[in-house]
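Colleague: Given the coordinates of chain R, assemble chain C onto it according to the supplied hints.
Same order as they appear, the protein sequences are chains R and C. Counting from 1, one number per residue, gives the positions in the first sequence under UniProt numbering. Counting from 1, one number per residue, gives the positions in the second sequence under UniProt numbering.
A couple of the hints might just be wrong.
Computed from the model, here is a short list of chain R residues facing chain C with C-beta under 10 Å [stated by the list, open to error]:
(1) 227
(2) 228
(3) 254
(4) 258
(5) 289
(6) 294
It is worth saying that the hints were derived from the structure and are not from the lab. All of these numbers come straight from a predicted model, not from anything done at the bench. Note that CB positions come from ideal geometry on N, CA and C, so glycine has one too.
2 protein chains.
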Amino acid sequence: MREILIKAPLALAALTMAVSGAPAHADTLIDNVNGITLDREGELIRFTGLVFDDDGTVTQLLERRDDRPKDVDYKLDAKGKTMIPGMIDAHGHIMGIGFQALTLDLSQTTSLEEAQAAIADYAERFSNRPWIIGRGWNQEKWGLGRFPTAEEIDAVVSDRPVLLGRVDGHAAWANSKAMEIASITGKTPDPEGGRIERANGKPTGIFIDSAEELVGRFVPPPRPVDRDLAFEKAQEILLAQGVTAMADMGTTMEDWQSYRRAGDRGALKLRIMSYAAGIDAMIAIGGPGPTPWLYDDRLRLNGVKLYLDGALGSRGAWLKQPYADAPNEKGLQFLEDTQLLNMMSRASMDDFQLAVHAIGDRANQQVLDGLAEMIETFGKDRRWRIEHAQILDTTDLPRLAEYGAIASMQPVHQTSDRTMAERRLGPDRLKGAYAWRSVLESGAKLAFGSDAPVESANPFIGISVAMTREDANGEPFGGWQPSERISREQALAAFTIDAAWAGYAEGRFGSLTPGHRADFLLIDEDITLAPPSLIRSIQPSETWIGGERVWQSGNSSEE
Amino acid sequence: MREILIKAPLALAALTMAVSGAPAHADTLIDNVNGITLDREGELIRFTGLVFDDDGTVTQLLERRDDRPKDVDYKLDAKGKTMIPGMIDAHGHIMGIGFQALTLDLSQTTSLEEAQAAIADYAERFSNRPWIIGRGWNQEKWGLGRFPTAEEIDAVVSDRPVLLGRVDGHAAWANSKAMEIASITGKTPDPEGGRIERANGKPTGIFIDSAEELVGRFVPPPRPVDRDLAFEKAQEILLAQGVTAMADMGTTMEDWQSYRRAGDRGALKLRIMSYAAGIDAMIAIGGPGPTPWLYDDRLRLNGVKLYLDGALGSRGAWLKQPYADAPNEKGLQFLEDTQLLNMMSRASMDDFQLAVHAIGDRANQQVLDGLAEMIETFGKDRRWRIEHAQILDTTDLPRLAEYGAIASMQPVHQTSDRTMAERRLGPDRLKGAYAWRSVLESGAKLAFGSDAPVESANPFIGISVAMTREDANGEPFGGWQPSERISREQALAAFTIDAAWAGYAEGRFGSLTPGHRADFLLIDEDITLAPPSLIRSIQPSETWIGGERVWQSGNSSEE
Numbered sequence: 001m002r003e004i005l006i007k008a009p010l011a012l013a014a015l016t017m018a019v020s021g022a023p024a025h026a027d028t029l030i031d032n033v034n035g036i037t038l039d040r041e042g043e044l045i046r047f048t049g050l051v052f053d054d055d056g057t058v059t060q061l062l063e064r065r066d067d068r069p070k071d072v073d074y075k076l077d078a079k080g081k082t083m084i085p086g087m088i089d090a091h092g093h094i095m096g097i098g099f100q101a102l103t104l105d106l107s108q109t110t111s112l113e114e115a116q117a118a119i120a121d122y123a124e125r126f127s128n129r130p131w132i133i134g135r136g137w138n139q140e141k142w143g144l145g146r147f148p149t150a151e152e153i154d155a156v157v158s159d160r161p162v163l164l165g166r167v168d169g170h171a172a173w174a175n176s177k178a179m180e181i182a183s184i185t186g187k188t189p190d191p192e193g194g195r196i197e198r199a200n201g202k203p204t205g206i207f208i209d210s211a212e213e214l215v216g217r218f219v220p221p222p223r224p225v226d227r228d229l230a231f232e233k234a235q236e237i238l239l240a241q242g243v244t245a246m247a248d249m250g251t252t253m254e255d256w257q258s259y260r261r262a263g264d265r266g267a268l269k270l271r272i273m274s275y276a277a278g279i280d281a282m283i284a285i286g287g288p289g290p291t292p293w294l295y296d297d298r299l300r301l302n303g304v305k306l307y308l309d310g311a312l313g314s315r316g317a318w319l320k321q322p323y324a325d326a327p328n329e330k331g332l333q334f335l336e337d338t339q340l341l342n343m344m345s346r347a348s349m350d351d352f353q354l355a356v357h358a359i360g361d362r363a364n365q366q367v368l369d370g371l372a373e374m375i376e377t378f379g380k381d382r383r384w385r386i387e388h389a390q391i392l393d394t395t396d397l398p399r400l401a402e403y404g405a406i407a408s409m410q411p412v413h414q415t416s417d418r419t420m421a422e423r424r425l426g427p428d429r430l431k432g433a434y435a436w437r438s439v440l441e442s443g444a445k446l447a448f449g450s451d452a453p454v455e456s457a458n459p460f461i462g463i464s465v466a467m468t469r470e471d472a473n474g475e476p477f478g479g480w481q482p483s484e485r486i487s488r489e490q491a492l493a494a495f496t497i498d499a500a501w502a503g504y505a506e507g508r509f510g511s512l513t514p515g516h517r518a519d520f521l522l523i524d525e526d527i528t529l530a531p532p533s534l535i536r537s538i539q540p541s542e543t544w545i546g547g548e549r550v551w552q553s554g555n556s557s558e559e
Numbered sequence: 001m002r003e004i005l006i007k008a009p010l011a012l013a014a015l016t017m018a019v020s021g022a023p024a025h026a027d028t029l030i031d032n033v034n035g036i037t038l039d040r041e042g043e044l045i046r047f048t049g050l051v052f053d054d055d056g057t058v059t060q061l062l063e064r065r066d067d068r069p070k071d072v073d074y075k076l077d078a079k080g081k082t083m084i085p086g087m088i089d090a091h092g093h094i095m096g097i098g099f100q101a102l103t104l105d106l107s108q109t110t111s112l113e114e115a116q117a118a119i120a121d122y123a124e125r126f127s128n129r130p131w132i133i134g135r136g137w138n139q140e141k142w143g144l145g146r147f148p149t150a151e152e153i154d155a156v157v158s159d160r161p162v163l164l165g166r167v168d169g170h171a172a173w174a175n176s177k178a179m180e181i182a183s184i185t186g187k188t189p190d191p192e193g194g195r196i197e198r199a200n201g202k203p204t205g206i207f208i209d210s211a212e213e214l215v216g217r218f219v220p221p222p223r224p225v226d227r228d229l230a231f232e233k234a235q236e237i238l239l240a241q242g243v244t245a246m247a248d249m250g251t252t253m254e255d256w257q258s259y260r261r262a263g264d265r266g267a268l269k270l271r272i273m274s275y276a277a278g279i280d281a282m283i284a285i286g287g288p289g290p291t292p293w294l295y296d297d298r299l300r301l302n303g304v305k306l307y308l309d310g311a312l313g314s315r316g317a318w319l320k321q322p323y324a325d326a327p328n329e330k331g332l333q334f335l336e337d338t339q340l341l342n343m344m345s346r347a348s349m350d351d352f353q354l355a356v357h358a359i360g361d362r363a364n365q366q367v368l369d370g371l372a373e374m375i376e377t378f379g380k381d382r383r384w385r386i387e388h389a390q391i392l393d394t395t396d397l398p399r400l401a402e403y404g405a406i407a408s409m410q411p412v413h414q415t416s417d418r419t420m421a422e423r424r425l426g427p428d429r430l431k432g433a434y435a436w437r438s439v440l441e442s443g444a445k446l447a448f449g450s451d452a453p454v455e456s457a458n459p460f461i462g463i464s465v466a467m468t469r470e471d472a473n474g475e476p477f478g479g480w481q482p483s484e485r486i487s488r489e490q491a492l493a494a495f496t497i498d499a500a501w502a503g504y505a506e507g508r509f510g511s512l513t514p515g516h517r518a519d520f521l522l523i524d525e526d527i528t529l530a531p532p533s534l535i536r537s538i539q540p541s542e543t544w545i546g547g548e549r550v551w552q553s554g555n556s557s558e559e
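Pulled out of the complex, with its shape left as it was, chain R reads as follows (with noise of 0.2 Å):
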């Protein structure tokens, strides 16, 4: 696309929706989209042209009929290409999203043979790593029936120790080298929180969730260096797909001064929402409260990330009653209730916001009982987050409005999980499991997010299955439940202007409207128009931050 210095005096500027006050010297036009936003009340707006000032601020939308702005500086013939705003993630890992995309990557795995040619591989590949970290594999996709085991990556690297985490991320598994480096035994005890998988007393190499550290602390740290590589990977990566914006969760002193290093050298392209790993990094973070909103709204601190249990596929998720697959567990239980609500208390006294993972319904049903006690002191107008709310009992579901509560959903998940899910809960208990319309219908609030780098960060892949709950696949045909699926506006709410609100970002980014920082993408496809199948594989053209093009089909990045 082509820049063209405006140079003769066009005709008089169309000055409906003007922000006043907005410098005039040099503003862009970009002319001849066919634009889509969505305002503050969800409601769609249609546009053909944008201007946005000198700070990459939207200062007007202009539709067909109206004259141009006879005063800009640049102008940029879209030629008829969609735009929409930026995507908004509400829940994701961005250095976790740079480190997997540098490190082993078994995600696409069919097979335990597949998995362990692509370790061979890797190996040889970085013979000179003293680890080989890796991530991504599920054994259910594999139809292993069973966890893989240390033997099995001996097969291929013994002399290495190797350790590579579960797609979820709450499962590790390692090879003999890593569990003799880490003293591990028959007689090594389950930590609180975990559990080591065993085979007649012997250690099989998983460690599941708080586990995973008996063998994770002893992997050397990456560098300052690598942090920041893995975040520029991340940042390349998320802009290719569209993502704009990411409420980041479990963001780490070291991860935020990754994000600091970046905005303090103008690299921090990409919009951060941080929820800090734990209240101590909330307050070393944070100090006596939320951060500023920094380098023109690209990254603020808002609150703290806690976790109540682990995931279901590892059957960490904590339910009321047992698994439907293991009649003897019903996951795990990461906090007291007495604890829970100190760190709660904390946090919101100095108006640090809540973002409490909760998978299981228990573990939902513990953070909304909670809530129930925290709107006492605080009220409701906190934006407590629940992070997915995966599994809710049906009669907790109303409780998420009552209190105020945001649905931090994740809509690739439900078809990732679905067999799964079925397997581990029975047929009784899906009736609240991924239930994206009885939240939206209860006058709850949803955001949603990808999870990446546990699923693709892809937002379009997200938004097909919002509207479809089929997979790639088109499977199951009309989808899973299909009593949930959403219509295509809310589910562009909820990765755009949703999900700018439940991080505190309203009216900052998360629409086109003018005020708001001129987050957008172009695209071939009318997103109001298309059929789901074809959202599925929108990939943008074009996507600006802030009035800057900060990456285009093509390039790998570019300003």
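Modeller: Below, chain C alone, put in the same frame as chain R:
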């Protein structure tokens, strides 16, 4: 001082010394000053008017005969006051200054009885504080001839724990309650790098160097709001005394976050050259290298502060030969040579600057031995800093220049330590003690600071002492070891342009020549003519940083 908006066109501008390209639309002229600054070569420059631009950067210095620029927007008549660059303190502890100001101050007590009265008074005024924390006591000043004891605090406060730091920060004095909380008994062993003072095997209440932490770790840490309050207090104290920049010696991550919070909310006025409190803090704060200059040249992590020994008063300074007044002691060695070399290499390989605390002649030898190895790899242009460099073996002194080292010294220590140093060292080792002129004549760089809050942060006392080696009472008449006195210009350089160079701030601040930030003081005395006794009493009537008035006599603070 009134601000007068220039409305009428002035005569043709004197554009000598003008920086080209500076925006003309919001310039400020401070006229009718007795302007004094040093250029980068240390030459004195005089001027009668100073112009700075909208960014707070000096664009012109005007002599009396020069026409005044016609295009300034603001003009201030300084009514003949002397204008000098803001003072740069090359060695201080910013948060320490703030916390000291908020805690019990025993530094003015001249007897144990006075100290006991002050403790009792503070305990009564702050009856709800769980711990009473203070510092500044000096048994030498009290003429006590011994350390004080726990019982001597118990006599005035026995119901709450009390912990009081010695003036040099190298010893702590606890009451019995504090020792009880810390479970200190006769069986508690001396920690490495520290000592519990004992009488008949029983701890007396005095904890030397690393032993301070045996009690100190039980003191509840300050909250972030306390930290921010302490920073604001420190900044206020420094600006009021004409200190516009300080090298912060031993910045923790918590300190750094307070500075950033101040910067993020626009409340950071002071310029901070930061040296992290050890290698871990250096990596946590700086990551892969020093930070950029942040907040318009107000904050940068330059490098790391390392400690090689303790202080002379508590006999922690590491000497080549035994203490004259303690023939079995040579002081404390904090690091083995290999530890030091590892730390030096770790910092230098990532371009972090080294600032190594060395007080005793043996510690100074150790750092110089280390530098001899460092220059093999990293060369001499790394601005290696030796902090204090108090007691140098005269045979080691030439090695400073040989390795390109900077002696970062604190003139007032000389007058505070004089009689104690004579006792500790005896007459033979005093030749290389506080040897400012010898350092300069050896060709090494000299930067001056205060070590506040160990001493007053007032830089004018430092300049006066540097010129006289006499204390506040003019003792000893003619100066202690007067051959080490330096000139007024040399002292001024060490508190301005050379302190900037030592902190990688050259060309940014430390001089009022064009291109530098407009950091200046208005004072009543002509510092080039005033006798040292008058210099000692200088109080700025105004302090400006970056073209903004940040302090004015009569106001505690003003924008």
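Colleague: If a hint holds in the structure, say so; if it doesn't, say that too.
Modeller: Each hint tested on the structure:
Below 10 Å, beta-carbon pairs count as interface contacts, and residue 227(R) has one with chain C at about 7 Å; its hint therefore holds. Among the interface hints, the one on residue 228(R) holds; its C-beta lies about 6 Å from the nearest C-beta in chain C, closer than the 10 Å criterion. A distance limit of 10 Å between C-beta atoms decides the matter here; for residue 254(R) the minimum to chain C is near 7 Å, and the interface restraint holds. Annotation: residue 258(R) was flagged as interfacial toward chain C, and the flag holds, the nearest CB pair being 7 Å apart, inside 10 Å.
Here the hint on residue 289(R) is kept, as its CB sits about 8 Å from the closest CB of chain C, short of 10 Å. The criterion of a C-beta within 10 Å of any C-beta in chain C is met by residue 294(R), whose closest approach is roughly 6 Å, and the hint holds.
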